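> Sequence:
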Amino acid sequence: MTIIVHHLNNSRSQRILWLLEELGEPYEVRRYERDAKTMRAPQALRAVHPLGRSPVVEVDGHRLIETGAIMEHLVIRAGGRFGPPADVDGAIRYRQFLHYAEGSMMPPLLALLVVGKLGLLGRPARPTVQRMLDDHLDWLEGELALRPYFAGDAFTAADMMMSFPLEASRSRGGLNDTRPNITRWLGEMHGRPAYRAALKAGGPYAYA
Numbered sequence: 001m002t003i004i005v006h007h008l009n010n011s012r013s014q015r016i017l018w019l020l021e022e023l024g025e026p027y028e029v030r031r032y033e034r035d036a037k038t039m040r041a042p043q044a045l046r047a048v049h050p051l052g053r054s055p056v057v058e059v060d061g062h063r064l065i066e067t068g069a070i071m072e073h074l075v076i077r078a079g080g081r082f083g084p085p086a087d088v089d090g091a092i093r094y095r096q097f098l099h100y101a102e103g104s105m106m107p108p109l110l111a112l113l114v115v116g117k118l119g120l121l122g123r124p125a126r127p128t129v130q131r132m133l134d135d136h137l138d139w140l141e142g143e144l145a146l147r148p149y150f151a152g153d154a155f156t157a158a159d160m161m162m163s164f165p166l167e168a169s170r171s172r173g174g175l176n177d178t179r180p181n182i183t184r185w186l187g188e189m190h191g192r193p194a195y196r197a198a199l200k201a202g203g204p205y206a207y208a
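Residue numbers (our numbering): 1 to 208.
A portion of the hints provided could be inaccurate.
Said to hold, decoys possible - Here are the computed distance ranges between Cβ atoms for each label pair: (1) 2 to 184: 29 to 37 angstroms; (2) 2 to 104: 28 to 36 angstroms; (3) 26 to 123: 46 to 54 angstroms; (4) 128 to 92: 24 to 32 angstroms; (5) 124 to 49: 30 to 38 angstroms.
Bear in mind the hints are in silico, worked out from the structure with no lab data behind them.
Keep in mind the model is a prediction, meaning the values are calculated, not measured.
Cβ atoms here follow ideal geometry from the backbone N, Cα and C, with glycine treated the same way.
Could you put the whole structure together from the sequences, leaning on the hints where they help?
Okay, here's the thing in structure tokens:
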């Protein structure tokens, strides 16, 4: 059965397309475009799920939301491909980063986005929020100095989950070549054939 991905441009759902390309799973993309002024998802997504957010994935008769949960489901469905390493430490890191990406890394990035939209009113808060994000980036730079991928020596779904917050950090959070380990990692992610295939399937994506 073909998997259906309800995909919003420039959003977290790009990671789901990437995972499906890595797995070689057949899928159908149903695209939605953000409002050019508000950048909000269109009302049509509320017909798919009441929250009107992306990704929403239809698979095997189920409708799934939340990127991390979708990732976990698809990895298990594929027999564990791109899942946790066999060693305990690697498995812990895998689950940690799978959930850290949205639970800890995205809040300061969203705060920066809001602060930026407030103009002069938001300017006093920006240094504080930036320092919060810099703490995350410094820690991640150190983690990638210890191993080539976030969970260990092999590429996993945890790396796919971490792509969006680090791409957003490079776009609006001050991430640059002064953190060479993250830069190296991002370059490798963007060089993967499945990543490039997912970009073609998903359409324009500002963070690649």
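> Taking the hints in turn, state whether each one holds.
Each hint, compared with the structure:
Evaluation of the 29 to 37 angstroms hint for residue 2 and residue 184 yields a pass: the beta carbon distance comes to about 36 angstroms. Here the CB-CB span from residue 2 to residue 104 is close to 34 angstroms, well matched to the stated 28 to 36 angstroms. In this structure, residue 26 and residue 123 meet the distance hint of 46 to 54 angstroms, their C-beta atoms being roughly 48 angstroms apart. Here the CB-CB span from residue 128 to residue 92 is close to 31 angstroms, well matched to the stated 24 to 32 angstroms.
Distance hint check: the CB atoms of residue 124 and residue 49 are about 37 angstroms apart, consistent with the given range 30 to 38 angstroms.
Of the numbered hints listed earlier, not one is contradicted by the structure.
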